[in-house]
Amino acid sequence: MKTLRAYLSTLLIAALVITSLPVAAASTAPQSMDLVTTQSALAADHAGADRERISEILARADVQDQLVKQGVDLDEVEARVAALSDAEAQQMAEQLEQLPAGAGVVGALFAVFIILLVTDILGLTDVYPFTR
Amino acid sequence: MTNLLTNARFAGVFIMLLLSGCARNPVLLQSTYQALPPHAEISSVPFYAQTEYQCGPATLAMVLNHQGVDTNVEQLIPQVFLPGRDGSVQPEMLATVRRHERLAFPIRGTMDVLLNHLAAGDPVVVMQNLSLPIYPMWHYAVAIGYDLPNETLILRSGEIERHSMSFSRFDATWARTEHWGFVVTEPGTLPTGITARNALEAISAYEESHGPRATLSSWQAFIEHHPGNAMGQFALGNSLYADQQPDNARKAFERATELDENMGAAWLNLGLLLLQNDAPEEAREALTQAASLEGSWQGKARLALDSLNND
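Going down the list, the sequences are from chains A and B. Counting with the numbering used here, you get residues 1 to 132 for the letters of the first sequence. Counting with the numbering used here, you get residues 1 to 311 for the letters of the second sequence.
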């Protein structure tokens, strides 16, 4: 994975450099001057633009891999990655393993059960609604 | 003997920790008690009991249906549930709302703000850790109301249609997710109490997948709430431009440069827009401003200025 990442980075950097060359070379020719999007203005507010862009492209590929690994239906993976904003994609790529996944109350070990029963009664947790 | 003493000391520390947990400060500001109606409950929010680990899809189905979206838990499961994690993660909760053409605004995480949203009629999706940090049980629920005299919050939660929970217990479980929650609205409405930054990010994220024309009404609503926000005026300009209203777009970009004269992106877009509308002299002025400001847009501004000078 690490080597794949390094390889992809190099490739992407090269691709970005190459695609930006003709623009620099043809600066006198009439060119399409698109307006700056709100997303890139907001992103530039956060950090340097080009490096950010590379890592965001990588992030989406990463997230796609991870979603497949987590058992998401192949038909759905693409749509789910597309639905994420750049910032969210990056967050998912960097810390999907650590992100809390909301699931609700699931069975607990007996020792844990006793502790949680006590903390429930103390009003610190809400695992067993029958304590009230 | 020393062993016993150490054990006793540990037990003492543990009990003290628990007790200090109970003797927390009041969760609400005094002003909240005075400003809000004593009771509020948005009973029109439908209820879907969660099955297995599906509190994420169930929660989304409740708020999306409440917002008039035709969807259901079965449809949402493949969109938001992560089988490998037996749950749903926060970024995908927000992203799935946007897939259904609604906006998701993260709220400011305090009990006072939460109750204010409920009093304003906006149900709030909250994330809790029902258990302790060492053995987390992450959970999504929909806060639908409160009872100030009894100090209870009312939630659609798990398998319980109307779960009422003391403010302090709820706050303890909510604090373990750093008070994470969000409200859902249609495009064109901005719930009161959302910070300008959160609103900017939420509307911009919607724009990423639906395009700038789809967010025009939302940016207009944003500007009504935050007329002095330069980034908001800039974003409105882009949406107006995409909606083929160049004159209004120009006004918005100009307003952005008035509000923040160091905003290179606004000067640049103003210049490019003027260039397209055959106003080369005014374009030159705006582009010169953009080119004089250090930052991401300087290079592009210089290029545009050069090509203008060469014509």
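Simulated from the structure, these hints should not be mistaken for lab results. Please note that the accuracy of each hint is not assured.
What the hints assert, rightly or not - Listed below are several chain B residues computed to face chain A (Cβ distance under 7 Å; list not exhaustive): (1) M127; (2) H139; (3) E208; (4) A235; (5) N238; (6) A265.
Said to hold, decoys possible - Derived lysine to any residue pairs resembling SDA-like cross-links, with alpha carbons at most 20 Å apart: (7) K251/B to S209/B; (8) K69/A to K251/B; (9) K251/B to Q91/A; (10) K69/A to P280/B.
Using N, Cα and C, we set each Cβ at its ideal position, and we do this for glycine too.
How the hints compare with the structure:
1. M127: This hint holds: M127/B lies near chain A, its Cβ roughly 6 Å from the closest one there, short of 7 Å.
2. H139: holds, 5 Å
3. E208: holds, 5 Å
4. A235: This interface hint holds because 4 Å falls under the 7 Å limit.
5. N238: It holds, given that the least Cβ distance between N238/B and chain A is near 5 Å, below 7 Å.
6. A265: With Cβ-Cβ at 4 Å, under 7 Å, it holds.
7. K251/B to S209/B: violated, 26 Å
8. K69/A to K251/B: Between K69/A and K251/B the Cα gap is close to 49 Å, so the pair fails against 20 Å, i.e. violated.
9. K251/B to Q91/A: violated, 36 Å
10. K69/A to P280/B: violated, 55 Å
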